[in-house]
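Asker: Sequence:
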Amino acid sequence: MINHGTSRLSPEYVLLGFVYQNPNYGYVLHKRMETEFENIWHASQSQTYNILNRLEAQGYIFATQVKQDKLPPRNLLHITGAGKERFEDWLDTPTKPSVHAIRVEFISRLYFMQIYYPQKVLKMINSQVDVVAEGLSQQEENLRNLPDNQRFNRLALELRIKLLRSLISWLKESYEAFITK
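Going by the working numbering, the first residue of the sequence shown is number 13, and it counts up by one from there.
Hints are supplied without guarantee of correctness; some may be wrong.
What the hints assert, rightly or not - EDC-like, lysine to aspartate or glutamate: derived pairs with alpha carbons at most 20 angstroms apart:
{"#": "1", "residue 1": "K184", "residue 2": "D104"}
{"#": "2", "residue 1": "K132", "residue 2": "E152"}
{"#": "3", "residue 1": "K135", "residue 2": "D104"}
{"#": "4", "residue 1": "K132", "residue 2": "E170"}
{"#": "5", "residue 1": "K108", "residue 2": "E170"}
{"#": "6", "residue 1": "K108", "residue 2": "E152"}
{"#": "7", "residue 1": "K108", "residue 2": "E146"}
{"#": "8", "residue 1": "K184", "residue 2": "E153"}
{"#": "9", "residue 1": "K132", "residue 2": "D101"}
{"#": "10", "residue 1": "K96", "residue 2": "E68"}
{"#": "11", "residue 1": "K184", "residue 2": "E146"}
{"#": "12", "residue 1": "K108", "residue 2": "E185"}
{"#": "13", "residue 1": "K132", "residue 2": "E97"}
{"#": "14", "residue 1": "K135", "residue 2": "E100"}
{"#": "15", "residue 1": "K174", "residue 2": "E146"}
{"#": "16", "residue 1": "K108", "residue 2": "D142"}
Claimed, not checked - Quick list of simulated restraints, FRET-style, between CB atoms:
{"#": "17", "residue 1": "A113", "residue 2": "N34", "range": "24 to 30 angstroms"}
{"#": "18", "residue 1": "I191", "residue 2": "Q150", "range": "25 to 31 angstroms"}
{"#": "19", "residue 1": "R166", "residue 2": "E100", "range": "39 to 45 angstroms"}
{"#": "20", "residue 1": "W182", "residue 2": "D101", "range": "20 to 26 angstroms"}
{"#": "21", "residue 1": "T105", "residue 2": "Y61", "range": "22 to 28 angstroms"}
{"#": "22", "residue 1": "E153", "residue 2": "T76", "range": "51 to 57 angstroms"}
{"#": "23", "residue 1": "D104", "residue 2": "T192", "range": "22 to 28 angstroms"}
Since the hints were made in silico from the structure, they are not lab data.
Glycine included, each C-beta is placed from N, C-alpha and C at the ideal position.
The task is simple: from the sequences and hints, build the whole structure.
Answerer: Written out as structure tokens, the structure reads:
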């Protein structure tokens, strides 16, 4: 799994994915994220700009100034080679087996995979099923090894197991939806 210094899920890859497609302005990227990822990511405009500034400071995007009549220049954002590599690595890295991560990160990855590499979508879904199934096996093992007197830990593990099973079912349904589209 890739780790580029972020410990929590962030829409930075969505923003990189948009700039990967074509250079654009921060405001346009923010509006696009609000529209196309409305039920997935929630970021204020200032958060979007903070992420874009961080990506620029890390060398994943760069800005060129575009002059405007009677207005200050605007920054047109472009992706760098390192940004392309980081985005492509993210696309090819399965999401960790958790409901939240699948809901935000996997669906985001699936969106971009469909746009840029549609021939890889089914393989991506199958890889994700394998990762979630591995996580499920680990949680089932944890449950088997848990002492009987650990009632609340047992409840938490049982819930996790049910959620992972439902994720596998949903992923298989998603696979079928892409086959029949």
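Asker: Each hint: holds or not?
Answerer: Hint check results:
1. K184 <-> D104: It holds: about 19 angstroms lies between the C-alpha atoms, which stays within 20 angstroms.
2. K132 <-> E152: violated (30 angstroms)
3. K135 <-> D104: At roughly 10 angstroms apart (the allowed maximum being 20 angstroms), D104 and K135 satisfy the hint.
4. K132 <-> E170: violated (33 angstroms)
5. K108 <-> E170: holds (18 angstroms)
6. K108 <-> E152: holds (16 angstroms)
7. K108 <-> E146: Roughly 10 angstroms separates the two Cα atoms, so the pair holds.
8. K184 <-> E153: violated (23 angstroms)
9. K132 <-> D101: Given that 20 angstroms is the threshold and the Cα spacing comes to 14 angstroms, the pair holds.
10. K96 <-> E68: holds (13 angstroms)
11. K184 <-> E146: At roughly 15 angstroms apart (the allowed maximum being 20 angstroms), E146 and K184 satisfy the hint.
12. K108 <-> E185: The given pair, whose Cα atoms are some 19 angstroms apart, holds under the 20 angstroms limit.
13. K132 <-> E97: Within the cut-off at roughly 17 angstroms; holds.
14. K135 <-> E100: holds (15 angstroms)
15. K174 <-> E146: Judged against 20 angstroms, a Cα distance of about 14 angstroms means the pair holds.
16. K108 <-> D142: Answer holds: K108 to D142 is near 11 angstroms, not above 20 angstroms.
17. A113 <-> N34: 24 to 30 angstroms: Check passed, 28 angstroms falls within 24 to 30 angstroms.
18. I191 <-> Q150: 25 to 31 angstroms: 29 angstroms Cβ-Cβ, so the 25 to 31 angstroms window holds.
19. R166 <-> E100: 39 to 45 angstroms: With Cβ atoms ~41 angstroms apart, the hint holds.
20. W182 <-> D101: 20 to 26 angstroms: holds (25 angstroms)
21. T105 <-> Y61: 22 to 28 angstroms: Taking Cβ atoms as reference, T105 and Y61 lie about 26 angstroms apart, which means the hint holds.
22. E153 <-> T76: 51 to 57 angstroms: holds (53 angstroms)
23. D104 <-> T192: 22 to 28 angstroms: At 25 angstroms between Cβs, range holds.
Hints 2, 4 and 8, counting from the list given before, are not met by this structure.
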